[in-house]
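**Q** Chain by chain, the residues:
There are 2 protein chains.
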Amino acid sequence: MIRTLVDSGVTTCFTNPGTSEMHFVAALDTVPEMRGVLGLFEGVATGAADGYARMAGVPACTLLHLRPGLGNGLANLHNARKAATPMVNIVGDHATYHLKFDAPLASDIETAARNVSPWIGRPERTADLCRLTAEAVFEATAPPGQVATLILPADVSWSDGAAPAAALPARVRAAVDAESIEQVVKVLRSGEPVALLLGGAVMRRASLLAAARVAAGTGARVFGETFVPRTERGAGIPRIERIQYFSEMAEAQLTGIRHLVLVDAISPVTFFAYPGKPSDLVPDGCEVHVLATGRDDAAGALAALATAVGGDTSADDAPAPQRPSGALTGATLAAAVAATMPDGAIVCDESNTNSVHMTAATAGCAPHDWLQLTGGAIGVGLPLATGAAVACPDRPVLALEADGSAMYTIQALWTHARESLDVTTVIMNNRSYAILNIELARTGAGEGGPKARDLLDLSRPDLDFVKLAEGMGVPAVAVGTAEEALTALERAQAEPGPHLIDARLSPR
Amino acid sequence: MIRTLVDSGVTTCFTNPGTSEMHFVAALDTVPEMRGVLGLFEGVATGAADGYARMAGVPACTLLHLRPGLGNGLANLHNARKAATPMVNIVGDHATYHLKFDAPLASDIETAARNVSPWIGRPERTADLCRLTAEAVFEATAPPGQVATLILPADVSWSDGAAPAAALPARVRAAVDAESIEQVVKVLRSGEPVALLLGGAVMRRASLLAAARVAAGTGARVFGETFVPRTERGAGIPRIERIQYFSEMAEAQLTGIRHLVLVDAISPVTFFAYPGKPSDLVPDGCEVHVLATGRDDAAGALAALATAVGGDTSADDAPAPQRPSGALTGATLAAAVAATMPDGAIVCDESNTNSVHMTAATAGCAPHDWLQLTGGAIGVGLPLATGAAVACPDRPVLALEADGSAMYTIQALWTHARESLDVTTVIMNNRSYAILNIELARTGAGEGGPKARDLLDLSRPDLDFVKLAEGMGVPAVAVGTAEEALTALERAQAEPGPHLIDARLSPR
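Those sequence lines, one after another, are chains A and B. In this text, residue positions in the first sequence follow my numbering: the first is 43, and each later residue adds one. In this text, residue positions in the second sequence follow my numbering: the first is 43, and each later residue adds one.
Only true hints are included.
Label pairs and their computed distance ranges (CB to CB):
hint, chain 1, residue 1, chain 2, residue 2, range
1, B, E489, A, T529, 45 to 53 Å
2, B, R156, A, R337, 27 to 35 Å
3, B, R167, A, R365, 53 to 61 Å
4, A, A212, B, P317, 34 to 42 Å
No lab work stands behind these hints, which were simulated from the structure alone. Just so you know, even glycine gets a beta-carbon here, dropped at the ideal spot from N, CA and C.
All chains should be built: construct the whole structure from the sequences, respecting the hints.
**A** Right, here's the structure in full:
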């Protein structure tokens, strides 16, 4: 099975195994090409597999322990599904003949996996194991990518009778036909207000340049989706206006648009519903057109569009970052991050309420990749950084983490230390579920009384992320001013291996 | 809704809320009787609700954020299901009209809940909310107890039109009919080897005394299930032989039994399957009889049995614990725990490979309650302790935690600090997934090569639980000898509030 995975291009296994997975674990020593990476919690393993694939472009596999292990990994599998990340999600199960006894760990794995994993395979005999393994990789990599879950009964794992299966030929994205492109060309030439909405595979340099040419040639506006698995950005790459998270801002952005052209994006909706506010962000009277879905060659379609109607674009880089000083706020911390960002960085952004500062400040940095929380299931940032660093050992990784979100999968720090990953984690420590204090009012639930506000408060007791990091073997320092943040960031980036900076933000 | 919960006897809500739950959170201030307890991770909330109900005898409720929140809580919901714990599991969802937009957090909550929650309610309009809430409590408390999940759409929560519903009359356990008792009496008088197997509700003092009288009067043997939600034990309470976890030992225990009488227990099976070993632990030729299921009044049936055939029992207490000295091993640490155990303790045991030492050493302690991991989904101990301490503020709680298991839900320590819970956590720090090193060989997977063994090893880097605890506001100390363990335990028990002892066990 492991040989089949390796032959199909899957060479990293993020795992938290148990008894039913012991034969898989033991077999790792027989296939040198497969790397096993241990997480202390399954949400670390699934989030790391997501981060790995976003950067490597090929799937990793997970190895989880029955339904409880799958359950612990479910939040980040949800995020991976929303990111269209290719992943082979292997879940060990009881031996086939043991299930009927309803032993303590007996559980319905398939039902729990169904919603995050469109494809589920379950070999009932060892002879079928490798064929299904190759099929799992094939399904995981079907454009745009998805989670494919392989349920592995213990006796199928330990019995004889398997032989490696050959890799199946990868499916490619379907070319968008000329007629579809021509229709969008007509829309762009209609004289009415048009906007392109980009997501998924076209938030990369070449496609962003193509979209900028379309804008220059037609006057169309270009938006990016709010949450994107991987965006290339920085100096020399056209900046792109993102649809805002708060629906009242998003509505304002899209006001007056008469044609919205989706390019590997979905029609914009609000993240949550709010009393008396619409969920659908498409303005009344605006027509939605699909240039390309995630299954299509959206990048090729966008290039063709640029050839047809594109104009010249001129460099319009954001200003280079300046070194901040003084009190440590969301804005000065972001400036410090921007001023010290190393070349070729991979940024894993789960900074939530501070993300607006971070994205603004870093727009003019050297080119970098920006990975986001795609499904709203918080606790993805530190695991994403784990996987991205395993996939790209020569690139520095920066995890921008909100304090509340960090605590969901804080165990990832141990894997940062164990694997000596070059990850600098910056905790935005505002001692609060700050987003929920905003949402409390936005949902019409009011300001909240003392009991309500207490449930959104993380200051009793304060979390000390320096101790938490050191407890898991990651060197850490707390900073309380912009100058201290600059020093700590520069030191972290000068030394190999993981670091954590507990940025204690000033109260507003 | 909250008023209905309170009127139905549910007065504690363990939560990690999000935007869709803001109206529930805001409403907490309007019902003073409902206590809200925040966890930094949903597995803390669900495990705490389990521990609360095991000790309080009435359910708590949870409040979780859509399917990702439910997923994070799923492992401990699995344990609660196996413990037959009554729990009202409230999961917020998008507004009903928002679901069709497939927003980032849209997910199939019902499918994920189905396997841990036999009853699922989902009001589609506010007028139905309180009726379904009362029904959820009614279903949760149906003997022997179960998880009842109430899915709460945001608009059902924020719309007007609800009025509190009256509590539904609680169902009681059905009396076991005289004929069934008479049949077991005949078996006990058959002259053939008989054993009673006790679980669930009959691992309490009165029932254990009744079982001991049956044994004295008939020569029957008495066993307890391997994993039991709550056991009363200690001086003056008959000791009961537990079915062993390792199947070869369990087989030896049951050899020769011709009649196995189940008393709120299930027919014994192995925890996992192993190559070439049977899953069913009932010996060939042994007949299985059911005196009472979990839905029946098993305690009453056992009392009736004792009246019919019981003999006299004499006190046969285990020796009082002795203070250990020297190297810190599983055995000397257990002796230190036993020698210092406070009166009326509630022990949450997730000590895994060290549990055998802990149970043996504490058998002669003053009467106490012993709560176990019931479903094999590790990460229950620290949350169980949270809930038990909230339920019983006047009793000391002792969490006996394996290092690997502790890391799944380590965030519970913050809630111990926030709520000033009188929980002493003892980490058995052996720097290893020790059980898996044993299981590797038992499953026939061999000794494992370097890659396999590395995935079962927690020593690179070592986890420093003192720093982890202090990072979450819990005073902590590391101990390396039996004497240090005694001192630390005595100090922890002398001071109110939470403490953690990082017991660094000597390598074998």
